[in-house]
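Chains as they are written, first to last, in the working numbering: chain A, 3 to 170; chain B, 18 to 501.
Do not rely on the hints blindly, as some may be mistaken.
[What the hints assert, rightly or not] In the BS3-like style, the derived pairs of lysine-lysine whose C-alpha atoms are separated by at most 25 Å in a straight line are:
| hint | chain 1 | residue 1 | chain 2 | residue 2 |
| --- | --- | --- | --- | --- |
| 1 | B | Lys386 | B | Lys111 |
| 2 | B | Lys302 | B | Lys386 |
| 3 | A | Lys62 | B | Lys192 |
| 4 | A | Lys46 | B | Lys192 |
| 5 | A | Lys21 | A | Lys86 |
| 6 | B | Lys259 | B | Lys302 |
By construction, these hints were calculated from the structure, which means they are not laboratory data.
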Amino acid sequence: MNNVRNKKRANQSLPFFFKDEFKVFFVIILVSTILLVTTFTFDKVPPILNRGIQPATFPKGLLVLIMFLTTIIYYLSFKNPWKKEKKLPKPFFLTILSFIFFIVISKTLDFFLAISVLSIFVSYNWGEKRISYLLLVGILFPLIVFIFFEMILGLRFPPGIITNLYYY
Amino acid sequence: MMAPLFSSKLLIVLIFGTLFGLILGVLPGLGPTTGGALILPFTMTLDPLSAIVLLTSIYCAGTYGGAITAVLINTPGTPAAAATCLDGYPLAQKGEAGRALGMATVSSTVGGIFSVIVLVFFAPVLAKLAYEFGQPEYFALAIFGLTMLASIGEGSPIKNLIAGAFGILISTIGKDFMTSIDRFTYGINELSVGIGFIPVVVGLFAISEMLTQSTLLDQVFKRVALKAVKLPSLNDYKKTWKTILRSSGIGSFIGVLPAEGGTVASLIGYSEAKRFSKEPEEFGKGSIEGIAGAEAANNAATGGAMVPTLALGIPGSATTAVILTGLIIHGVRPGPDLFREQPDFLYGIFGAMLIANILFFIFGFFGAKLFARITLVPNKILWPMIFAVSVCGTYSLSQSIIDVWIMLFFGVLGFFMRRFGFSVVPVIIGLILGELVEGTLRQSLVIFDGNWIMFLTRPIALTFFILSLIALAFPLLRSKKQKN
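Kindly produce the complete structure, drawing on both the sequences and the hints.
Next up, the structure:
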């Protein structure tokens, strides 16, 4: 039943704003426009010191080029529509969520802890349920990487609740 | 040429680089570009020659390593091995995996060695020619390199150009190098030094691939059993020697063209092998010529791609863009002066590439079975580990957490770019050429007193502009021809 419904849905012609072509076109044009507006806020070199072009001119030209080329690919997509992409599965969103966790934990608690949490979270959600393997990817391997970077490259990781235990 | 390599340290670096490159090449989704970017921070502990030897050996071996997975599990370990799947896997299914891998190993080695010879003879000539280049010529050359992105084989030409322009745009973030005026920094201090190459490369390649793998968890690979790699028979050599030589020539030539790399080379090498074959109907069903054509060409592109990288500072492929970054990080400025001032350094690289080709032949021949087992490491274990290395590697270069966030941002962006048919390779090439394009344009306009027409009065620059127009027109003509 679900399959029949899905097929029907795929065959229906979607309104233009739901199509991938439009979404991509819209996002690129929107971001380019914001960046283009930003270029007008760049400081200008006084005419007496100015040699060649102003610092804003080159990025402006690039953004106009990107917008022009994006309009062309959108126009061409009317003739040759893009292939419909499959819906993104749950593990994808969980992986993105783990990135957000990583940013929050690395900023507030600890860089090393953030790596461990992400590794265990991703591995678990991708199907690994064995504790020993989760400990391997979440604790042992990051620890080896940490020590390797610390000892061989002399890298100092940012302070945090666990990293501080090592440094002090 | 080999003198600098007769040190035990360099030989160890070479062996490690070749083994590491093979492992990276075998693992689908990784490859020499990602591997090179990940290992770049570690090269800081090495001297410049050892660092570049490490990166080039990863490049050579990684390009070949892709063939092992292409033949055994019908999944190219690297994009350059995509054409190898077409005949490698069908031949393996017929119970001749050892023969298929044997041919892939021999043709890759011949292609690789051929391209090193091209590199040794052609790079100094190009470097000498580059003495004639001024700012306008370099600008025109960089534009030529960027327009070549239109025909890199992956994705639509216009999407590739958008990605290339986006890469250049990223290079404009930070303080303007001529006037020190902030651009796109939004008051964030860390952005005033610009966006580093490594966070972008690791994000676009490793992190976006991690996201791609998260969508493929239910995919099951069927691995063909391999007893041992077999050297091709006399009959196979008779059948393929012309194909191997032709593809080596094609691969080297394609590699020399700025921005083109092993992927395009292998596709053209494969189609030319089919065109010249006496048994074209066998292609796609396990033709030994098909494997030879694709593999000789993609490995020949490695030496070819090093020609513009070393002689002009223009990357010949995504991996050479990483090598170029390695050179710059270690204080080596590629270009004609490098050939005059540091010939030992250059010949060390040439010799290392030659030895790397011989080493991957030995390791591939005797260890393909072992390397193939690496594909059995489950993604749920492998990718969290790659994430840990990616994060620490990215952090280590400038010890900035912002770089890690930039890496994650580009990872997500790269995933969606690939999902909607935009190749990520042009972003890398655009990013590395960005400063050259803008710098030479602005300095040229100072020389020309703002008169743009003056570009057309310089014969070399004019030639590059004409070539750029041809490069732009080529994909259009090709698609029209295909329609007809």
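Against the structure, the hints come out as follows:
| no. | hint | result |
| --- | --- | --- |
| 1 | B:Lys386 to B:Lys111 | holds, 18 Å |
| 2 | B:Lys302 to B:Lys386 | holds, 23 Å |
| 3 | A:Lys62 to B:Lys192 | holds, 16 Å |
| 4 | A:Lys46 to B:Lys192 | holds, 13 Å |
| 5 | A:Lys21 to A:Lys86 | holds, 9 Å |
| 6 | B:Lys259 to B:Lys302 | holds, 20 Å |
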